[in-house]
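**Student:** The residues making up each chain are set out below.
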Amino acid sequence: MTPKLLLAAGISLTFASTAIADDKPELIVYTYDSFVSDWGPGPAVEKAFEAQCDCDLKLVAAGDGASLLTRIQLEGIRTDADLVLGLDTNLTARAKSTDLFAPLVERPAVLDVPITWQDDTFLPYDWGYFAFVYDNTKLENAPTSFDDLIAKPDDFKIVIQDPRSSSPGLGLLMWVKAVYGNRAPEIWEGLAPKILTVTKGWSEAYGMFLEGEADMVLSYTTSPAYHLIAEDDASKSAAAFDEGHYLQIEVAGKLKSSDQPELADAFLKFMTSDAFQDIIPTTNWMYPAVFPSTGLPKGFNQLITPSNSLIVPAEQADAIRDEALAEWLTALSQ
Amino acid sequence: MAYRAQPIRPIHFVFGGSAFVLLLFLTLGTTLAVWARADVSSNLTVADWAAIKFSITQAFVSAIISIAVAIPTARALARRKFMGRSFILTLLGAPFILPSIVAVLGLIAVWGRAGYINSFLEAISQDRIDIYGFGGVVLAHIFFNIPLATRLILQGWMSIPAEHFRVAAQLGMSTSDISTRLERPMLRAVIPGAFLLIFLLCISSFAVALALGGGPMATTIELAIYNALRFEFDLSKASQLALIQFGICAFIGTIAMFISQPMKFSQGLDRAPERWDSKALRYRIFDFSVLFLVCGFLFLPLLTIFLRGIGPAFSLPFQVWGAAVNSVLVAVFSALIAVGMALAMSMLIIRIAQKKRRISRIMEVIGFLTLATSPFVIGTGLFVITFPFISPFSIALPVTALVNAAMALPFCLRVVLPAMIRAEDHYGRLADSLGMQTWARFRLAIWPRLRRPTGFAAGLAAALSMGDLGVITLFAPPELETLPLVMYRLMSNYQLSSAAGVALLLILLSITLFWIFDQGGRVEHNIR
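Same order as they appear, the protein sequences are chains A and B.
Be aware that the first sequence starts at 4, since it is given in my numbering, and climbs by one per residue.
Be aware that the second sequence starts at 102, since it is given in my numbering, and climbs by one per residue.
Just to be clear, a hint being listed does not mean it is correct.
To be verified - Distance ranges between label pairs, derived from CB positions:
id : chain 1 : residue 1 : chain 2 : residue 2 : range
1  : A       : Pro196    : B       : Thr158    : 16 to 26 angstroms
2  : B       : Ile356    : A       : Asp157    : 17 to 27 angstroms
3  : A       : Asp151    : B       : Leu145    : 18 to 28 angstroms
4  : A       : Ala54     : B       : Ile491    : 54 to 64 angstroms
5  : A       : Ile307    : B       : Ile491    : 24 to 34 angstroms
Stated by the list, open to error - Interface residues of chain A toward chain B, partial, derived using beta-carbon atoms under 8 angstroms:
id : residue
6  : Tyr183
7  : Asn185
8  : Thr200
9  : Ser296
10 : Ser336
Don't read these hints as lab results, they were simulated from the structure.
All residues carry an ideal CB built from backbone N, CA and C; glycine is no exception.
Could you build the full structure based on these sequences and the hints that come with them?
**Tutor:** In structure tokens form, the structure reads like this:
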């Protein structure tokens with residue numbers, strides 16, 4: 004290509020986004036990176052919804068986890084977004100307090116999330132359990148509890164994510180707090196020698212684990228399903244902990260400032276229908292919030308199913324998080 | 102005729118001045134915009150101060166070690182000619198553009214618990230080494246910065262005219278005499294600036310420091326800023342931390358500028374230098390050992406990145422190529438903007454220096470400010486400023502190019518300014534006495550001396566821009582991707598092997614761009 008062509012390509016790319024394809028109504032959904040990418044649920048979701056709505060669905064990657072919420076806070080009521088998809092229950096209380104989200108109009112009769120869902124603003128679309136993932140060809144007796152993990156020899160190493168920059172990292176913080184309450188600092192002190200390092204995000208940690216740097220990595224109970232289904236590799240397992248596993252429930256909510264409120268409601272309805280829920284397990288690698296009528300994909304039946312689902316009530320999440328974070332910092336900085 | 106200082110023409114004020122204004126806007130302006138948007142004010146906690154302390158300590162140690170290793174490396178490259186020398190020079194551009202996650206994975210493939218070195222140590226039943234902790238942070242930072250330091254210092258060596266070495270040889274000066282008379286004064290001029298650059302690069306490190314730092318003790322200011330901006334929406338704290346980073350930059354920058362003394366070499370004929378003094382075998386052994394060790398240290402991680410990526414690189418998903426075009430476009434434009442700004446600012450600084458030395462020094466320090474600015478703060482600040490008026494999506498690529506240019510500016514300025522000062526010293530008066538004016542004066546007298554540094558600076562800026570994730574994350578519309586963005590998206594969808602392919606493509610493209618620009622400038626020896 005000549006430089007001129009390249010330039011033209013660049014300019015057209017720059018402005019392509021500003022041109023609206025035709026006069027179909029446009030529904031803009033802010034979500035996270037891995038959702039919109041071609042390997043995530045985004046493309047299939049877009050196709051399925053556009054087939055039934057006669058609209059243009061735009062999935063915009065606007066940050067991960069908490070930064071999705073800060074993006075909405077930055078934009079305020081002037082935002083173009085109609086919906087936000089990708090917050091979790093650690094953030095819903097704070098999200099509500101911004102007064103930017105509108106209450107739900109309609110909720111599905113049945114939700115297959117492990118807890119009773121009572122939130123009137125946010126609707127779950129998928130969920131999963133945090134867990135430590137290991138290589139079952141290298142590790143024979145995986146720990147069965149935090150105490151068991153602490154009792155492992157000191158060259159047994161785990162990689163975790165920083166709760167200040169990553170949702171799984173924050174999940175582990177809440178997990179320990181939910182199980183041990185006031186004993187959390189003690190548990191973290193016990194875990195400290197086992198923690199090889201703390202990474203900014205999930206990708207770094209998981210990459211390091213796959214490189215063989217650590218015996219276990221903090222991820223989800225559903226991670227082995229990816230290796231099993233997409234790579235036909237049964238060597239990854241999640242360690243089942245007797246205390247139970249902490250839940251992450253991912254939700255979507257409608258913004259008050261939306262100029263397409265009916266369309267947004269239609270999307271939320273679609274979100275808990277088979278058409279959407281079918282896509283989730285093998286693209287987002289999480290459990291669907293409403294199990295599709297066809298059931299879960301093969302491979303999901305081989306995953307561990309925690310006996311006990313742990314979660315901190317959304318209203319207390321902020322306060323507990325602050326306390327737990329301070330404890331975590333103190334215990335690991337020694 | 103008495104020599105009079107070059108007048109400051111309106112054109113210098115217009116271009117140089119607007120470059121400065123733009124710089125201040127992107128740094129202080131965006132920080133203040135973030136502050137102004139804060140709803141509540143908050144105070145820094147003990148943990149924040151611990152982060153500040155850790156940032157400064159690790160940056161200081163990393164910068165010292167990088168420079169200490171770079172001096173003998175640059176000397177070896179300056180006084181030896183061998184096959185593969187220019188290959189090494191080009192590859193030196195690679196490490197510091199690596200996206201942090203790629204660098205971390207490359208480094209642990211060599212130094213990690215399951216890495217080559219530990220496997221080797223285990224095989225010979227020695228104790229394994231554990232890099233996680235302060236040592237790991239420094240290791241990663243010197244991996245990033247030795248190449249940069251080496252290239253900057255080598256630039257200094259190249260600025261010593263070949264004739265000086267000839268005269269030294271005729272006078273029978275020993276290697277240590279040459280070191281005292283020629284090389285040390287050069288180092289004194291070059292090192293403070295290089296130190297400052299590396300110090301600032303290290304102080305604003307975040308993902309790398311955390312991943313190899315072994316835990317939250319390795320929290321840097323940048324992580325605290327990220328946390329405040331993206332997690333807590335505490336804009337007040339984010340802008341305070343950003344201002345503290347400016348303060349550190351200004352403080353260290355002022356000291357560095359104070360220590361730095363301009364080089365006082367007379368002009369030469371741009372011949373390639375020949376070193377008669379260091380032909381003794383022991384010097385050769387020393388030089389080649391240094392090069393061997395440094396190249397091993399730098400290139401082993403790169404090699405593993407290459408080996409991981411080469412397979413997947415042949416089956417990359419289609420949209421990667423669109424992202425590659427975007428990345429290259431942004432890189433080329435930001436290189437041009439960065440070099441243009443550096444040239445304009447250098448001209449203004451030199452002309453002001455002839456009258457007001459102190460002001461010009463302050464301006465030099467301002468040139469470093471973008472490095473002390475968190476890309477998250479710049480991004481958020483620009484977002485806050487532009488969002489009420491224009492959709493961020495429609496300006497994604499231009500804004501990215503502009504911010505990347507500003508981020509590369511400190512490097513470009515460090516490379517271009519000393520060269521321009523020398524060119525003015527050596528040829529400025531001659532040009533004036535010949536009555537050369539403005540454009541002819543620049544083209545004939547100054548530019549030939551600037552080509553090599555300008556090419557190098559543009560190469561650096563382009564490579565830096567390629568690897569940067571920066572502001573694109575806040576501004577990118579759904580269809581628009583750059584290579585680092587695609588790579589992170591792949592990784593977050595378990596596609597680690599494709600991501601390795603994209604990482605390799607990213608590195609190859611960056612090195613190619615770096616090489617093209619650098620080559621364009623490296624014809625100095627043939628400019629007669």
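**Student:** With reference to the structure, classify each hint as holding or not holding.
**Tutor:** Against the structure, the hints:
1. For proline 196 of chain A paired with threonine 158 of chain B, a C-beta distance near 23 angstroms keeps the hint of 16 to 26 angstroms intact.
2. Between isoleucine 356 of chain B and aspartate 157 of chain A the CB atoms are about 43 angstroms apart, so this pair departs from the stated range of 17 to 27 angstroms.
3. Checking the proposed 18 to 28 angstroms range against aspartate 151 of chain A and leucine 145 of chain B shows it is violated: the Cβ atoms sit about 39 angstroms from each other.
4. In this structure the supplied range 54 to 64 angstroms is violated for alanine 54 of chain A paired with isoleucine 491 of chain B, their Cβ-Cβ distance being about 33 angstroms.
5. Range check, isoleucine 307 of chain A to isoleucine 491 of chain B: about 50 angstroms between beta-carbon atoms, so the 24 to 34 angstroms window is missed.
6. For tyrosine 183 of chain A, the interface hint is violated, the least distance from its beta-carbon to any beta-carbon of chain B being 19 angstroms, above 8 angstroms.
7. About 21 angstroms separates the beta-carbon of asparagine 185 of chain A from the nearest beta-carbon of chain B, more than 8 angstroms, and the hint is not met.
8. Proximity of threonine 200 of chain A to chain B holds as hinted, the smallest CB-CB distance being about 5 angstroms (cut-off 8 angstroms).
9. The beta carbon of serine 296 of chain A is not positioned within 8 angstroms of any beta carbon in chain B (closest approach about 26 angstroms), and the interface hint is therefore violated.
10. For serine 336 of chain A, the shortest C-beta to C-beta distance to chain B is roughly 5 angstroms, which falls under 8 angstroms, so the interface hint holds.
Going through the hint list in order, the structure does not satisfy hints 2, 3, 4, 5, 6, 7, 9.
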